[in-house]
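Colleague: Residue strings, one per chain:
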Amino acid sequence: MAANLNLKVNGQEYQIKVDPAKRLLDVLREDLGLTGTKEGCGEGECGTCSVILNGKLVNSCLVLALQADKADILTVEGLAENGKLHPLQQAFMKEGAVQCGYCTPGMLLAAKALLDSNSSPTKEEIKLAISGNICRCTGYDQIIRAVESVVKARERN
Amino acid sequence: MKSGYQIVGKRVNRVDALAKALGKAKFTSDFKRQDMLIGKALFAKFPHAIIKGVDTAKAEQLEGVQAVLTAKDLPGRNGYGILVPDKPVIAEKKTKYEGDAVALVAAVSEEIAKKALGLIEVEYEVLPAYDDPRQAMKDDAIHIHEAHPAADKGNILTTVALDSGDVEKAFREADIIIENSYETPMVDHAYMETDVCMAEPDPLTGGLTLCSPQQAVYATKRCLAPVFGIPQNKIRTFCPIVGGGFGGKEDSVLDVSAMAGVLALKTKRPVYFELDREEVFRTTGKRHATYIKHRMAATKDGKITAVDVETILDKGAYTSMGGLNNPLMAVTQRTAMYAGGTYFIPNARARSHSVFTNHPYSCAFRGFGAPQAMFAVECQIDELAKALNMDPIELRLKNILRHGDRTIFGQVMKENRGLGLEECITKVKGRMDWDKSLDQGNGPVKKGKGIAVFMYGTGIPLLFEGASCYVNLELDGSVSVAVAATEMGQGIVTALTQTAAEALGVRYEDVNVTYSDTATAPDCGPTVGSRAAVVVGNAVLDGCNKLRERMLSVASKEFKKDPRDMDIKQGEVFIVGKPETTMPLAAIVSKAFITQVPLAAVGTWYPPQPSFRAEDGQGEPMHAYTFGVQAVEVEVDTETGELSVTRSVLACDVGKAINPSLVEGQMEGGAAMGIGWAILEEGFMNKGVMENASFHNFLIPTIKDLPELESIIVEHPNDLGPYGAKGIGEPPLIATAPAIRNAVCNALGISINTIPLTAVRILAAVKNQQAVGGGN
Ligand code: FES
Ligand code: FES
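These protein sequence lines are chains B and P, in that order.
Take 1 as the starting number for the first sequence in this note's numbering and just add one per residue.
Take 1 as the starting number for the second sequence in this note's numbering and just add one per residue.
Keep in mind that the hints are not guaranteed to be accurate.
The following label-pair restraints were derived from C-beta to C-beta distances [what the hints assert, rightly or not]:
#1 P:Arg77 with B:Asn118: 55 to 61 Å
#2 P:Phe31 with B:Gly11: 50 to 56 Å
#3 P:Arg77 with B:Gly83: 33 to 39 Å
#4 P:Glu121 with B:Asn118: 52 to 58 Å
#5 P:Leu462 with B:Asn54: 24 to 30 Å
#6 B:Ser119 with P:Lys114: 45 to 51 Å
#7 P:Pro584 with B:Glu148: 39 to 45 Å
#8 B:Leu62 with P:Asn545: 51 to 57 Å
If you want the ones that stay clear, here's a sample from chain B, every Cβ over 10 Å from chain P, calculated [what the hints assert, rightly or not]:
#9 Asn6
#10 Gly11
#11 Pro20
#12 Arg23
#13 Leu62
#14 Asp69
#15 Lys70
#16 Asp72
#17 Asn82
#18 Leu108
#19 Leu114
#20 Leu115
#21 Ile144
#22 Glu155
#23 Asn157
Everything labelled a hint here was simulated from the structure, so no lab data went into it.
Bear in mind that the values here come from a model prediction, so they are computed numbers and not experimental data.
Just so you know, even glycine gets a beta-carbon here, dropped at the ideal spot from N, CA and C.
Produce the entire structure from the sequences given, and follow the hints as far as they go.
Modeller: Now the structure itself:
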C-alpha cells in the first residue's frame, strides 16, 4: 500500500506516493533521482548516506521515508546555490579532499551541519563532526584541511 | 633532471573533482533503471558442506520471479578465476566457504527476490571447516577441493621457492641469529562502494554488456567468456568511476558479473545485481593472512648475511590471485621475493606455501604480499638492532640495497631507475628528530618511536606486462585519449591527462581521457600493481609522441623549417626561439586532416621483458622499484592496553610526482590504511563463518584513530618511467605496520609479533611480561 509523502528537498517541494517500507535513502535515490546520496553499508555505520534533515545530520539509510514526512532536507545536490559552489565544495576540490568521491557527499554534509551550528570550530570539533563518516581513500587529513580552510576564510571576513 | 614542465609536476585539480563535489559524478549503482530485474544469490549456509539437494520449486512459483538457477542451469563453464577457473558460479557438489552461491534468483523486485531465496530448500551434509592453513596443510586434512586443476598436493595450492647463495654456511658462520614468528591478519578492503553489476544481453550481437566497478575490464571478459559461452569480442565490460578498489575489485567483479550475467542470459533481460555490505564482507576477497617464521643471520658489526623464511598463506577457498608455481606469480611469489626486505643479503632461502582453507578467497590487496613479508623482515631488523645494541636507522643504513647490489631475488639495483631510499631515511630521520628521546613522564602511558622501510616493484612481473591506448587529435586542436584503465579514486585520469597535455604541448583543459571500457580502448593491462601511471602513462606518452612528430612534420612544411627546430606549447606550434611565429595546433591538425596524415595513433609500451625462474625464484621481475620509509610515534597505556599513533611521517621515492597532490593523496591514504591494518582490522573467523561482517565490529580507521599524516616526496627518477615516474598506488602502506609494531616495542620493551595491535593483545603482552618479571 503506497502512502503519501510530502517532502521539501533542496528547496523544492515534492508530493509523492511511496511504499511505507522504503527508507529515505531509497526515496531520494530512486523516486527523486537524487543519486548523490550514497549507500555504503545500509546500517548506520559509514555515513555515505548522510543528509541534513530539519537542520540535523542523519543517516538516511536509518530513516524511514514516512518519518521524514513534511521534513526539510538538504542533500549534496542542494549545496551549490544558483550554480555557485558552496565554499566547502570549493575547498574539498582545492585541498584534494576528494579521491574516489564515494564518501564525499556525506562528508560535505557532515561538515556543513557542523558549520551551521558552530561558525568557528576547532580542529578537534571538526574531527568529531566527521567521525561518523568513513573514508577509505584519503586518510582524512585533506578533508580536515578543507574544512579548516573554510573556517579560516570565514574568520577573515 | 629535465625541468621546466608545463603541466607535469603541477598540483592541478583532479578532472573529476567538480562532478564529485557536486554529487553528480555517477557510480555504477547510480545507473540502475526501473526496467531491470533484481538478481540475488542464496549463499552457502555452511562454509564447508556437501550439497545433497537443492529444491527450487516453491521459489519458482512465486509471482514476480523470472528465473531460479542452480548449477545445472548454467550456459557455459561453471568455473572462473583470474589464474585458475576453480571458483564455481554456483556451487554444485560442495560449498567451500560462506560466499559460495548455491542458487541464483532474478525477480521483478528486491523484495520478491529476497522472498524467493527464503523459499529455496537446500540439504547439506556439514563437513569440518578449516580456519588455520597450518591445520589444513596437514596430510590427514580433508581436501577442500576434491580435484583441483592446479593444486600441488592436498590443500597446498602452491609452494614457491627462492634460493640464493649458501644459506647453511651463512647461518653456521653467523655471529648472531635472530629467529621469530610473525602473524598478520586477514582483512577486508572495505572500499566504500559495494560490489554491483548490471548485465544486459545485446540482442544485435547475441553478446552481453556488463557494467560493474572493477580494476581490469579486459581480464573480466576473458575470465568470464567461457562462463557465458560467448566469444570475447561480443562481451563488453566497462565501468564508470569506481568507489575504491585497493586490489579487491580485480576479483570481486568476477563474482557479481558472473551471477548477473547468467541471470541476464537466462531471462534475456537486464539484471541488476548488488551485494550488500554484509555480503561484501562474507563473500568477496580478502588480504591473505600469513604465518611467517623468519630467521636472520648477521655479523656482530651488523651486516646481514642470510635470511631463511617460511611463510604460510591463508589462501581461503579459491586460487584468485594467490599464486601458481608455473608460471611463477602472484601474492605467494611476492612474499618470497620480499622476504629479505630492502637489504643486500647474499644468502637467502624462502619457502611460501599457499594453503586452502574455508575462508573467503584471498586476493590482491594493496601491496600484494609485500606488506606481510616486509612486516616480518622489518620487525626482525629491529630485533637485530636491539640484540646488537645498535640504532635501528644506523643498522638499516648499513644494509640497504645500493647501486650494483643484488636483491635476494637476483635483480641488480640501478641508480638510473631511481634509488632514493637513503634520502628518504635521512629526511624522515631529520623530520622525526630521531635522536631526541621522548619524555616518558611517570604515568602509565609509555611513548615510543619506530621506523620501517620498504621497496615495491612497479607493475606486474608477467610476460604480457605492457599497455596500449588510443590517442586521437580532434580538428579543433583538442585531444582524446582512450585507456582501459580504471579511475577508482587514485587519480589516474588526471595523471594521464597531465601526461598527454605535457607530451603534446596542449593545455590541460584540452585533453579528455576516457577510461575502463572495452568498447572504446585497447587492453592496457589491469589497474593494479601500482602500474597505471607508469606503464599506461608510457603508452599514452608513446601515442602522443607519434602524433606530435606527425604534426611537427606538417608544421615544418608550413614554416619551412626542420621539425627538430619546432615545438608545441599551450596548443600553439612555433619555431624554437621565435615564439612570435606561432600557429594554433588546430590549424596544423586541419592541415594534416586534408593531407592524408592520420590523426589517430595507438600508443604502446612494454618494459624490459620481466623474468622469473620457478626453480629458485631468481630474475628481474620489475623494471623499477619505489622505496620508502615510515616512521611513527605512539603512546601505549599500560593499564588499558590502548594504543594511539600520535605521529606519522612517510617518505616515498616516487621517481617523479606527475601530480604531487595525487601522490600525497596516495601516501596519506596508504598510511591510514596501514595504520588500520596495524592496530584495528581483523576478520574474526569461526569455523569459516565471519563473526564481524559489519562496519560495527570490523573496524577501519575513522578520523579519531589517525594522527596528522605527514608526507615527504622524494624524486630519484626512473629513466624508463614517464617523466621519471615510479608507481605509488600501493607502496605507502607497506611499512606502516612494522613501524608501529617497532614503536610499541620501543615504548614497552616487549616484542609483540602479531598484528593488529589491539588493546587486548597489548594488555595480554604487558600482563605476560609482568608475570614473567614477577617470577624472577
Ligand atoms: S549507508 Fe547509511 S550509514 Fe552507511
Ligand atoms: S574518497 Fe573514497 S571513500 Fe573517501
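Colleague: Look at each hint and say if it fits the structure.
Modeller: Taking the hints in turn, this is what the structure says about them:
1. P:Arg77 with B:Asn118: 55 to 61 Å: 59 Å Cβ-Cβ, so the 55 to 61 Å window holds.
2. P:Phe31 with B:Gly11: 50 to 56 Å: violated (26 Å)
3. P:Arg77 with B:Gly83: 33 to 39 Å: Violated, since Arg77 (chain P) and Gly83 (chain B) (Cβ atoms, about 52 Å apart) do not stay within the stated range.
4. P:Glu121 with B:Asn118: 52 to 58 Å: holds (56 Å)
5. P:Leu462 with B:Asn54: 24 to 30 Å: Given about 56 Å between the Cβ atoms, the range is violated.
6. B:Ser119 with P:Lys114: 45 to 51 Å: holds (46 Å)
7. P:Pro584 with B:Glu148: 39 to 45 Å: holds (43 Å)
8. B:Leu62 with P:Asn545: 51 to 57 Å: holds (54 Å)
9. Asn6: At roughly 23 Å from the nearest Cβ of chain P, Asn6 (chain B) sits farther out than 10 Å, so the non-interface label holds.
10. Gly11: holds (15 Å)
11. Pro20: The claim holds: Pro20 (chain B) sits with its nearest Cβ about 13 Å from chain P, beyond 10 Å.
12. Arg23: holds (12 Å)
13. Leu62: holds (13 Å)
14. Asp69: holds (22 Å)
15. Lys70: holds (24 Å)
16. Asp72: holds (18 Å)
17. Asn82: Holds, since 13 Å exceeds 10 Å.
18. Leu108: Given that some Cβ of chain P is not farther than 10 Å from that of Leu108 (chain B), nearest at about 7 Å, it is violated.
19. Leu114: For Leu114 (chain B), whose nearest Cβ neighbour in chain P is about 12 Å away, the distance exceeds 10 Å, so it holds.
20. Leu115: holds (16 Å)
21. Ile144: violated (7 Å)
22. Glu155: The claim holds: Glu155 (chain B) sits with its nearest Cβ about 21 Å from chain P, beyond 10 Å.
23. Asn157: Fine: 22 Å to the nearest Cβ keeps Asn157 (chain B) off the interface.
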